[in-house]
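Chemist: Single-letter residue listing:
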Amino acid sequence: LAKTTQPISMDSYEGQEVNITCSHNNIATNDYITWYQQFPSQGPRFIIQGYKTKVTNEVASLFIPADRKSSTLSLPRVSLSDTAVYYCLVGAFYSSASKIIFGSGTRLSIRP
Amino acid sequence: GAVVSQHPSWVICKSGTSVKIECRSLDFQATTMFWYRQFPKQSLMLMATSNEGSKATYEQGVEKDKFLINHASLTLSTLTVTSAHPEDSSFYICSARGARTDNSPLHFGNGTRLTVT
Numbered sequence: 001l002a003k004t005t006q007p008i009s010m011d012s013y014e015g016q017e018v019n020i021t022c023s024h025n026n027i028a029t030n031d032y033i034t035w036y037q038q039f040p041s042q043g044p045r046f047i048i049q050g051y052k053t054k055v056t057n058e059v060a061s062l063f064i065p066a067d068r069k070s071s072t073l074s075l076p077r078v079s080l081s082d083t084a085v086y087y088c089l090v091g092a093f094y095s096s097a098s099k100i101i102f103g104s105g106t107r108l109s110i111r112p
Numbered sequence: 001g002a003v004v005s006q007h008p009s010w011v012i013c014k015s016g017t018s019v020k021i022e023c024r025s026l027d028f029q030a031t032t033m034f035w036y037r038q039f040p041k042q043s044l045m046l047m048a049t050s051n052e053g054s055k056a057t058y059e060q061g062v063e064k065d066k067f068l069i070n071h072a073s074l075t076l077s078t079l080t081v082t083s084a085h086p087e088d089s090s091f092y093i094c095s096a097r098g099a100r101t102d103n104s105p106l107h108f109g110n111g112t113r114l115t116v117t
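Protein chains in written order, with the working numbering: chain E, 1 to 112; chain H, 1 to 117.
All the pointers check out, no bait thrown in.
Just the calculated beta-carbon pair ranges, DEER-fashion: (1) H:Asp27 - E:Ala66: 32 to 42 Å; (2) E:Gln16 - H:Cys13: 39 to 49 Å; (3) E:Gln16 - H:Ser5: 33 to 43 Å; (4) E:Ser41 - H:Asp65: 25 to 35 Å; (5) E:Gln16 - H:Asp27: 33 to 43 Å; (6) E:Arg111 - H:Ser83: 42 to 52 Å; (7) H:Trp10 - E:Arg45: 12 to 22 Å; (8) E:Thr21 - H:Phe39: 19 to 29 Å; (9) H:Gly53 - E:Pro76: 36 to 46 Å; (10) H:Asp65 - E:Asn57: 40 to 50 Å.
Here are some, though not all, of the chain H residues that point toward chain E, as calculated from beta-carbon distances under 10 Å: (11) Val4; (12) Gln6; (13) Ser9; (14) Phe34; (15) Pro40; (16) Gln42; (17) Leu44; (18) Thr57; (19) Glu59; (20) Ile93; (21) Arg97; (22) Ser104; (23) Pro105; (24) His107; (25) Asn110; (26) Gly111.
Straight line, CA to CA, 20 Å or less: simulated EDC-like cross-link-like pairs of lysine to aspartate or glutamate: (27) H:Lys41 - E:Asp82; (28) E:Lys99 - H:Glu63; (29) H:Lys41 - H:Asp88; (30) E:Lys52 - E:Asp67; (31) E:Lys3 - H:Glu59.
Simulated from the structure, these hints should not be mistaken for laboratory data. Each residue gets a CB set at the ideal place from its N, CA and C atoms; glycine is no exception.
With the hints as constraints, model all of the structure from the sequences given.
Modeler: Quick look at the structure:
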């Protein structure tokens with residue numbers, strides 16, 4: 001499973017757009033990029049997944065450059081409830097040989 | 001969407017006793033389940049991977065005789081912490097993967113807070 005690197009923490013304010021970047025230089029051809037959100041004392045919650053270019057859903061966008069060695073999670077107009085830890089995972093999740101390893105994650109704090 | 005249920009959500013036990021945590025996939029068949037442990041302010045650490053009908057594969061440093069994993073059916077895996085000690089107090093989380101060949105994302109249980117007194 002490709003190792004990922006994210007900023008340890010980020011701060012922002014309500015209403016702002018927040019972009020969290022993840023580096024995954026060793027990503028393999030079959031690997032997908034998935035982002036999860038975790039609140040204290042809860043399991044990780046799926047946010048968005050992509051393979052290349054841009055993916056958008058109702059809560060976030062995911063930008064993946066052509067070389068796929070990094071990805072950026074974009075949260076539009078954050079609110080206090082977006083304060084959480086965000087994890088970037090890279091892997092071929094359908095593969096029975098693929099273990100799901102978490103990196104350190106990014107602790108996002110949103111202020112009023 | 002796929003739902004993974006964990007039970008109990010929290011448990012307190014005395015040192016030396018054993019505790020069982022259940023992880024169920026509610027609307028799909030989970031051929032593989034993952035068990036994680038998370039200490040405060042830290043990331044999730046993979047403990048073991050269990051495939052239905054076979055023995056679990058433990059990560060380095062995880063005692064298989066202490067953390068017993070059973071994956072006897074396609075919808076249920078259990079983690080038993082045997083002879084628990086205060087240092088086993090942690091947040092335990094499971095995740096399940098189905099037999100689909102597409103790249104559906106993993107879904108996680110809501111975790112179990114174990115406190116050993």
